[in-house]
Amino acid sequence: NAGVMQNPRHLVRRRGQEARLRCSPMKGHSHVYWYRQLPEEGLKFMVYLQKENIIDESGMPKERFSAEFPKEGPSILRIQQVVRGDSAAYFCASSQGGTDTQYFGPGTRLTVL
Amino acid sequence: AQSVTQLGSHVSVSEGALVLLRCNYSSSVPPYLFWYVQYPNQGLQLLLKYTTGATLVKGINGFEAEFKKSETSFHLTKPSAHMSDAAEYFCAVSDTTGGFKTIFGAGTRLFVKA
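From first to last, the protein sequence lines are chains A and B.
Heads up: the first sequence runs through residues 38 to 150, numbered per this note's numbering.
Heads up: the second sequence runs through residues 28 to 141, numbered per this note's numbering.
In case anyone wonders, no lab produced these hints; they're calculated from the structure.
Check before you lean on any hint, since a few could be wrong.
As the list claims (entries may be wrong) - List of simulated lysine-lysine pairs, DSBU-like, C-alpha gap at most 35 Å:
hint, chain 1, residue 1, chain 2, residue 2
1, B, Lys140, A, Lys64
2, B, Lys140, B, Lys85
3, B, Lys140, A, Lys88
4, A, Lys64, B, Lys128
5, A, Lys108, B, Lys76
A quick note: this is a predicted structure, and the numbers were derived from the prediction, not measured.
Just chain B, same shape as in the assembly:
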C-alpha cells in the first residue's frame, strides 16, 4: 500500500524567503511522485513530477523537488517566495505498475507575509 505524509499543515514564510514543504512517502514499488498546487475554489495544477531518471526535478513557477530514495522523501523548494505562491500544496504518489491510482497527502497551506 502507498501513503504520503506532509509535515506541517501550515507553513508561513516572508516574501523573498526560502520555501520548503516536506513530503515523505511509502511505497512497495518504485513510485511516481507529484506536487500539485490548489488555489482557493479551483482544481489542482501540476507543479512537477518525478517518474524515473534525474532525481532533481524542476517545475513551474520556480519550484523544484528532489527525490531521495534513501530518505523516502520528495520535498518541494523554491529559493524566493512570492505573494502569489500562497496556496495549498499537495504531494502525491502513484503506483507505476498500472491502475494509475494517485494517493494524496493531506496538504500544506503556504502563507506568504509581505
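Next comes chain A alone, as it looks inside the complex:
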C-alpha cells in the first residue's frame, strides 16, 4: 500500500478556507476511492471515481465537497468553506479494477481551527 501517495499528510485550515487533498493511485490503478475517518470511528465511504468519471458519490455531503480524477494528474478532494466538523483523517484508496482489492494511502489529517 506504500504505492498510494497522499499529500499533504497534515493540513491546517481556518474556518471558511478551502482544503485540497491530493491522491496519486498506485501505478496501473485507474479506480480511486475517498474515505473519511472521524476520531474513534471507522472509515466512511465518500466517493468512488474512475478517470474523468464519478461512479458513486453517495457518501459525499451535498454541499461544499467535490472530487475529481482527471485524465492526467492526481485525484483531488476539495472542501470549500471548511468548518470544524470537517476535521478528520481523509484516506484515499486505489484499485486496478472495480472489483479488485483496494490499497490505502497514509491519509491526510485535516484540522480546522
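Dock chain B against the given chain A, drawing on the hints supplied.
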C-alpha cells in the same frame, strides 16, 4: 443495504494468547469480506479477504478468518498474540454486484500485554 458490526471496541490479550476479534455483517447479496489493520497515524493495510470459495481465509502475520454464512460472521483469529499486533482492526464488507463501495465497521483496538 450493507452493514458491519464489530463486537468490542477494545480487546486486551496477553502476549502468546489467542486473539479473537468478532465481526458480523449484513448484506442482501453475496458479500466480499475484509479485515484491515491500522497502526497509529498510518493508512489501512489489508490482512485478508474473502470473495468466494474456501471459507477459511489465511492472511498475513499469522491471522486467519472464517466466513460463516449461517451466522453472518467473519471473525478474525490468531493463535498467539505478539506485541507488534497491537493496533486497530477493521472489518469491512463490499457489494459484489459492482460499484465496489466498502462499508467499514467501527474498529476494534487490540492491546497486547507483556
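Here's how the hints hold up against the structure:
A hinted pair counts as satisfied when its Cα atoms are at most 35 Å apart, and Lys140 (chain B) with Lys64 (chain A) does not qualify at roughly 39 Å. For the suggested pair Lys140 (chain B) and Lys85 (chain B), the alpha carbons sit about 24 Å apart, so the restraint of at most 35 Å is met. About 46 Å separates the Cα atoms of Lys140 (chain B) and Lys88 (chain A), which puts this hinted pair outside 35 Å; it is violated. Straight-line distance between C-alpha atoms of Lys64 (chain A) and Lys128 (chain B) comes to about 21 Å, which keeps the hinted pair within the 35 Å bound.
Restraint check for Lys108 (chain A) and Lys76 (chain B): the C-alpha separation of about 30 Å stays at or below 35 Å, so the hint holds.
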